[in-house]
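J.: The residues making up each chain are set out below.
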Amino acid sequence: MDGAKFGVLTISDRASRGEYEDLSGRYIIEYLREVVSSPFEVVYRVIPDEQGLIEETLVHMADVEGCCLILTTGGTGPAPRDVTPEATERVCQKMLPGFGELMRQVSLQQVPTAILSRQTAGIRNKTLIINLPGKPQSIKVCLDAVFPAVPYCIDLIGGPYITTEESRIKAFRPSK
Amino acid sequence: MDGAKFGVLTISDRASRGEYEDLSGRYIIEYLREVVSSPFEVVYRVIPDEQGLIEETLVHMADVEGCCLILTTGGTGPAPRDVTPEATERVCQKMLPGFGELMRQVSLQQVPTAILSRQTAGIRNKTLIINLPGKPQSIKVCLDAVFPAVPYCIDLIGGPYITTEESRIKAFRPSK
Amino acid sequence: MDGAKFGVLTISDRASRGEYEDLSGRYIIEYLREVVSSPFEVVYRVIPDEQGLIEETLVHMADVEGCCLILTTGGTGPAPRDVTPEATERVCQKMLPGFGELMRQVSLQQVPTAILSRQTAGIRNKTLIINLPGKPQSIKVCLDAVFPAVPYCIDLIGGPYITTEESRIKAFRPSK
Chain P
9 MDGAKFGVLT
19 ISDRASRGEY
29 EDLSGRYIIE
39 YLREVVSSPF
49 EVVYRVIPDE
59 QGLIEETLVH
69 MADVEGCCLI
79 LTTGGTGPAP
89 RDVTPEATER
99 VCQKMLPGFG
109 ELMRQVSLQQ
119 VPTAILSRQT
129 AGIRNKTLII
139 NLPGKPQSIK
149 VCLDAVFPAV
159 PYCIDLIGGP
169 YITTEESRIK
179 AFRPSK
Chain H
9 MDGAKFGVLT
19 ISDRASRGEY
29 EDLSGRYIIE
39 YLREVVSSPF
49 EVVYRVIPDE
59 QGLIEETLVH
69 MADVEGCCLI
79 LTTGGTGPAP
89 RDVTPEATER
99 VCQKMLPGFG
109 ELMRQVSLQQ
119 VPTAILSRQT
129 AGIRNKTLII
139 NLPGKPQSIK
149 VCLDAVFPAV
159 PYCIDLIGGP
169 YITTEESRIK
179 AFRPSK
Chain X
9 MDGAKFGVLT
19 ISDRASRGEY
29 EDLSGRYIIE
39 YLREVVSSPF
49 EVVYRVIPDE
59 QGLIEETLVH
69 MADVEGCCLI
79 LTTGGTGPAP
89 RDVTPEATER
99 VCQKMLPGFG
109 ELMRQVSLQQ
119 VPTAILSRQT
129 AGIRNKTLII
139 NLPGKPQSIK
149 VCLDAVFPAV
159 PYCIDLIGGP
169 YITTEESRIK
179 AFRPSK
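Residue numbers (this note's numbering), protein chains in the order written: chain P, 9 to 184; chain H, 9 to 184; chain X, 9 to 184.
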């Protein structure tokens, strides 16, 4: 198989200590299986909210594992231990503010505290990194909003050609 | 009384010279009295558009006065003397882009020049700092939009438990 | 004639090599002729996606040519050669995030890949610089959205008084 590699990175002090099950990371993996129709495998990690470790793990997933897409969950709020956006920004060459804007906008339809989320997205070489919220229901709302743009973004940075189950998510590629 | 402390900071060359009454700062204080139902006191200052002085005043209100929330008004436009967002960013460890996005979005319903506002919000230790526009009517629109998320944000950074007059603003706290 | 100077800067490797006609830059010039009713002249350049050259050209148009407004097209995506926002940020003293937010929001009505655009706007001394997308149809949607705020922004930074064909774009200036 010569498919894509997707990184799923759960960032949570408590989940990393085994204090609860990582429902969020598992939900993201399920979502990818439901939505992506081209072949792929998942690289999955659960780590605590330590900025240095988040950066190292993102770099490893991108540069060593060769993931074309990394989806993080957790650590995007205003609390002192929430450092996922900072780590993301540190390892990316380009930030894509439109992802955070749209994810906050759709999340605002659910809860007014969506504005507290600092989630963002960016490019490291040939890897698109997207920060997702912590809860499965919020993850779904955010992924449904941004995923139509993900395959074309991966095209533009030189990654594999991703296709989606069109009944679920219709990937958009502009005609040349 | 063991209530919260809120900083209200008017940033305006002309108001600080006494050339006109600071209607904006007063409006913010009235708004807080109308909307917040838990005990609080207000620390109020009017200063000119000097970046160094804005930074010092924000730091003083946060670190010395112990304000859990600072609301600024003025200095967020594109003119050379408008430096409030720069000062805010300099004293904050974390920025919360969702506040600026939502405030501009609701202000756009009023005036197309809302996109000229560079207002933002951020966290300095246990203090949430929010930049508001200069005019009372615009302040109201912005505070109505973001205030439902303010009490929970203050919870997350370790501040006092704020409650609101629910008929006016319904503070949202997610169930755990 | 003592009119305004507007810079139109097409940033495209292929257009700069003459591989295709620069329809985007021409479209922007047509748009300005259709919409702006006060006197102006256009300074027009087509250059490749080289960050250093983009910065030099923006600085030259602003500082030497005296343009009060520079509209760029191209180079705002996630691809490795897309560096227009970086160049814009480097030469500006103030960024205006509301422009990018609104342009992405209106472009999202057209295509879900609008979130991939990193377009922004900022101020260099007395010059407003706005990044536009690459395609004429997207340029129109973005300019229609932000242009009502452009003349007042130019007032605020000390530029010439711009008026518009009100049937086409209604410039907004708040009453004092």
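These are calculated hints, taken from the structure and not from any lab test. Possibly wrong hints are sitting among the right ones.
Remember, identical chains collapse to one label, so a pair may be satisfied in a single copy or spanning two.
[As the list claims (entries may be wrong)] DMTMM-like cross-link-like pairs, simulated, lysine to aspartate or glutamate; straight-line CA separation at most 25 Å:
hint, residue 1, residue 2
1, 102, 64
2, 143, 71
3, 134, 21
4, 102, 173
5, 13, 174
6, 13, 38
7, 178, 94
8, 178, 58
9, 13, 73
J.: It remains to establish, for every hint, whether it holds in the given structure.
T.: Hints, verified against the model:
no., hint, verdict
1, 102 - 64, "both (18 Å within a copy, 21 Å between copies)"
2, 143 - 71, "neither (28 Å within a copy, 33 Å between copies)"
3, 134 - 21, "between (29 Å within a copy, 21 Å between copies)"
4, 102 - 173, "neither (29 Å within a copy, 38 Å between copies)"
5, 13 - 174, "within (20 Å within a copy, 48 Å between copies)"
6, 13 - 38, "within (15 Å within a copy, 46 Å between copies)"
7, 178 - 94, "neither (31 Å within a copy, 31 Å between copies)"
8, 178 - 58, "neither (36 Å within a copy, 34 Å between copies)"
9, 13 - 73, "within (8 Å within a copy, 49 Å between copies)"
The structure shown violates the earlier hints numbered 2, 4, 7 and 8.
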